[in-house]
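Colleague: Listed here are the chains, written in short residue letters.
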Amino acid sequence: GESVGLHLPTLSVQEGDNSIINCAYSNSASDYFIWYKQESGKGPQFIIDIRSNMDKRQGQRVTVLLNKTVKHLSLQIAATQPGDSAVYFCAENILSGTYKYIFGTGTRLKVLA
Amino acid sequence: KAGVTQTPRYLIKTRGQQVTLSCSPISGHRSVSWYQQTPGQGLQFLFEYFSETQRNKGNFPGRFSGRQFSNSRSEMNVSTLELGDSALYLCASTMLPGQGVREQFFGPGTRLTVL
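Taken in order, these protein sequences are the chains called A and B. Using the numbering used here, count along the first sequence one by one with no gaps and you end on 113. Using the numbering used here, count along the second sequence one by one with no gaps and you end on 115.
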């Protein structure tokens with residue numbers, strides 16, 4: 001689909017297992033992060049966000065972990081379902097700054113039946 | 001509440017032509033950003049508008065321009081199209097800035113093909 005680059009890293013997970021998608025962000029001053037899901041033919045869909053004063057945030061079936069020391073984000077999806085198959089992006093921003101977000105390259109998640 | 005809408009969804013143009021894409025943000029959102037998405041470069045920030053003013057601009061040539069209207073709707077224009085402009089153009093909206101709300105929501109995109 002439109003969202004997929006030819007060389008995106010791919011994570012293949014068995015249906016029902018947990019998925020962990022990682023992202024290294026670029027700017028140590030970034031203090032706000034969003035995870036997006038993009039299905040083929042669609043725009044990115046907001047999944048969950050986290051601010052730098054937290055190291056963990058949970059949503060429905062998803063958990064985001066933030067490690068500021070190593071500038072690393074992860075998205076955990078519990079009990080992965082076929083509908084979770086998509087490309088996942090992290091985006092970083094500085095809350096006191098502009099609305100310019102920097103996006104990671106993305107990871108393709110494939111759920112195996 | 002309706003999401004971000006973009007028109008048209010698909011567009012085919014030839015080199016040298018120009019194109020205008022339209023974006024209507026979520027009701028109440030006043031900041032609109034535009035992105036270009038290609039397989040080779042991923043999501044690249046084009047520009048961001050708030051209160052009819054361009055506040056931020058990415059590293060794109062002057063052929064890429066935009067504007068925002070008083071109702072927060074935004075348009076972007078690409079002049080003298082090149083083959084490399086073929087991409088998915090995404091619009092994203094955010095609520096009033098300065099209130100600590102930074103969730104950015106995307107539209108479905110406009111797929112531009114330049115022949």
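Hint data in this document are derived by calculation from the structure and do not stem from the laboratory. Check each hint, because a few of them may be wrong.
What the hints assert, rightly or not - One-sided excerpt, in silico: chain B residues whose CB lies under 8 Å from chain A:
{"no.": "1", "residue": "A2"}
{"no.": "2", "residue": "G42"}
{"no.": "3", "residue": "G107"}
Said to hold, decoys possible - For each label pair, taking beta carbons as the anchor points, the in silico distance ranges come out as:
{"no.": "4", "chain 1": "B", "residue 1": "G16", "chain 2": "A", "residue 2": "N18", "range": "42 to 52 Å"}
{"no.": "5", "chain 1": "A", "residue 1": "K71", "chain 2": "B", "residue 2": "L11", "range": "33 to 43 Å"}
{"no.": "6", "chain 1": "A", "residue 1": "D55", "chain 2": "B", "residue 2": "T38", "range": "39 to 49 Å"}
What the hints assert, rightly or not - Subject to a maximum C-alpha distance of 27 Å in a straight line, what follows is the list of computed DSSO-like cross-link-like pairs (lysine-lysine):
{"no.": "7", "chain 1": "A", "residue 1": "K71", "chain 2": "A", "residue 2": "K56"}
{"no.": "8", "chain 1": "A", "residue 1": "K42", "chain 2": "B", "residue 2": "K13"}
{"no.": "9", "chain 1": "B", "residue 1": "K57", "chain 2": "A", "residue 2": "K42"}
{"no.": "10", "chain 1": "B", "residue 1": "K57", "chain 2": "A", "residue 2": "K56"}
{"no.": "11", "chain 1": "A", "residue 1": "K71", "chain 2": "B", "residue 2": "K57"}
All C-beta atoms, glycine included, are put in the ideal place defined by N, C-alpha and C.
Colleague: Does each hint fit the structure? Answer for all of them.
Modeller: To see whether the hints hold, each was checked on the structure:
The beta carbon of A2/B is not positioned within 8 Å of any beta carbon in chain A (closest approach about 14 Å), and the interface hint is therefore violated. Proximity of G42/B to chain A holds as hinted, the smallest CB-CB distance being about 5 Å (cut-off 8 Å). Evaluation of the G107/B hint against chain A yields a held restraint, the C-beta minimum of about 5 Å falling below 8 Å. For the hinted restraint 42 to 52 Å between G16/B and N18/A, the CB-CB distance of approximately 51 Å keeps it satisfied.
Between K71/A and L11/B the beta carbon distance is about 38 Å. The supplied range of 33 to 43 Å therefore holds. Hint check: D55/A to T38/B, Cβ distance near 34 Å, so the stated range 39 to 49 Å is violated. For the given pair, K71/A sits about 14 Å from K56/A by alpha-carbon distance, which is consistent with the 27 Å threshold. Proximity of K42/A to K13/B is assessed by CA-CA distance (about 21 Å); at most 27 Å being required, the pair is judged to hold.
Annotation: proposed proximity of K57/B to K42/A holds, straight-line Cα distance about 24 Å (limit 27 Å). Proximity of K57/B to K56/A is assessed by CA-CA distance (about 32 Å); at most 27 Å being required, the pair is judged violated. Proposed proximity of K71/A and K57/B is supported: the alpha carbons are some 25 Å apart, at most 27 Å.
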